[in-house]
Amino acid sequence: MKSLQYYFTAQHENEETIRIVHRHWFNIFMQYIPIFILFIIVVFSLIFYSEIIESFSNTSARAIFFFMLSFLTLFMWIYGFLLWFDYYLDIWIITTHRIVNVDQKGLFAREVGELEYKRIQDISTDVNGFFPTILNYGNLTVQTAAEQSHFLFKSVGDPYEIKSAIMAQVKKRRKEHPNQNVDGGL
Amino acid sequence: MLLLFSMLYLLFIMCVALVSFFIVTRLQAYSINPNFTRPLIIVFIVITIFLVLVNVVLFFMIPFSKTLPNPSPYSSNTINY
Chain U
58 MKSLQYYFTA QHENEETIRI VHRHWFNIFM QYIPIFILFI IVVFSLIFYS
108 EIIESFSNTS ARAIFFFMLS FLTLFMWIYG FLLWFDYYLD IWIITTHRIV
158 NVDQKGLFAR EVGELEYKRI QDISTDVNGF FPTILNYGNL TVQTAAEQSH
208 FLFKSVGDPY EIKSAIMAQV KKRRKEHPNQ NVDGGL
Chain P
513 MLLLFSMLYL LFIMCVALVS FFIVTRLQAY SINPNFTRPL IIVFIVITIF
563 LVLVNVVLFF MIPFSKTLPN PSPYSSNTIN Y
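Chains as they are written, first to last, in this note's numbering: chain U, 58 to 243; chain P, 513 to 593.
These are computed hints drawn from the structure, not numbers from a lab.
Ideal Cβ positions, reconstructed from N, Cα and C, are used throughout, including at glycine.
Hints are not guaranteed to be accurate.
[Stated by the list, open to error] Stretches of chain U that chain P covers, calculated by requiring three or more beta carbons in the stretch to come under 8 Å of a beta carbon on chain P:
1. 84–93
2. 139–146
3. 158–169
[Unchecked claim] A few chain U residues that face chain P, going by a derived Cβ cut-off under 7 Å, partial list only:
4. Asn71
5. Met133
6. Tyr136
[Unchecked claim] Here are a few chain P residues that sit away from chain U, every Cβ distance over 12 Å (derived from the structure):
7. Ile525
8. Val566
9. Val569
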C-alpha cells in the first residue's frame, strides 16, 4: 500500500504512514447547523437592512444593530473554526507498525494512544441508522490485549475499508514476525 | 456605565485574541500536514484581525451618551412641580 507523506511526532524510524482517518464529514456538518442558522439570520438582516433601519428612529439603535451583526459574525467565525480545529486534530493514523489514536478535546486537552498490531485480538464494525447507512460511515472497534481494552474509531467513513486496511497490515506483520503474536491475537 | 461596557468589551476582545492565539499555536504544533495548515493559519489570522477591527470600530461608533439613560433629574420626561 502506498505510504503517505505525513509526519507526526514520535514516528519511528522506517515507519511509514499508510492512512490518515478523520471523522466522517456528516459528523461535523451536524455541528455546523446552528452556525448556518445564525449565518442566515445575519444575511437576511443585511438584505432587509433598509426595512429594519426604517423602524429605528435614532442613530444609536442603528449603530447597535450593525455592532450586533458584526459581533455575531465574529462569534460564528471563531466558533466555526474551533469546531473544524477539533475535527481536524481528531485523527487515527494507520502506519506500517501500529495504529495511533489522537483525541483532541477542545483547545487544552489531548489524548494520544497507540496500538501495535501484535496486540490486536479482534476488529468489528458498526453502521447503525439511516444516515450512516446511506453515507457509509460508522464505528470501528479494535479489541486489544493491551491495558486499554479497545480502540474506537468513531463515526469514520467507510469503516469496512479501514478494517480491511488494518487487517492487511496485521497479516503482513504476522508474516514478517511469526513468533510475536501475543495472547492469541490475530 | 460606559466604563463598564468598555471594560466588558475589552475583556471580550482579549478572549477572542487568546482563543485565536491558542488555535494557531495548537494547529502549528499538532498538524501532521503543515503544507495544508500553514496557509489556513494565515487565512484565519487575516480574517480574524479584519473582523475584530470592524467590530471595534462599530463599537466606538455607538453614541453611548445618547444610548444610555440620562440620570439627570431635569430630563424632559419628568414633570417638576
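Can we confirm that no CB of chain U comes within 12 Å of the CB of P/Val566?
5 Å, violated
Minimum beta-carbon distance criterion (7 Å), U/Met133 to chain P:
9 Å, violated
12 Å Cβ clearance of P/Ile525 from chain U:
Its Cβ does come within 12 Å of chain U, the nearest being 9 Å, so this is violated.
Taking the shortest Cβ-to-Cβ distance between P/Val569 and chain U, state whether it exceeds 12 Å.
It is violated; P/Val569 is separated from chain U by about 9 Å at its closest Cβ, not greater than 12 Å.
Interface hint check: U/Tyr136, Cβ to nearest Cβ on chain P, cutoff 7 Å. Holds or violated?
Since chain P brings no Cβ nearer than about 10 Å to U/Tyr136, farther than 7 Å, the hint is violated.
Given that the region 158–169 of chain U was listed as covered by chain P, double-check it with a C-beta distance under 8 Å for 3 or more residues.
Since three or more residues must qualify, the claim that chain P covers the region 158–169 of chain U holds, with 5 doing so at under 8 Å.
Has the region 84–93 of chain U got at least three residues whose CB is nearer than 8 Å to a CB belonging to chain P?
violated (count 0)
Let me know if the C-beta of U/Asn71 comes in closer than 7 Å to any C-beta of chain P, holds or violated.
18 Å, violated
Tell me if chain P covers the region 139–146 of chain U under the three-residue, 8 Å CB rule, please?
That given contact holds, which follows from 4 residues of the region 139–146 of chain U lying within Cβ reach (below 8 Å) of chain P.
When held up to the earlier numbered hints, the structure conflicts with 1, 4, 5, 6, 7, 8 and 9 and fits the remainder.
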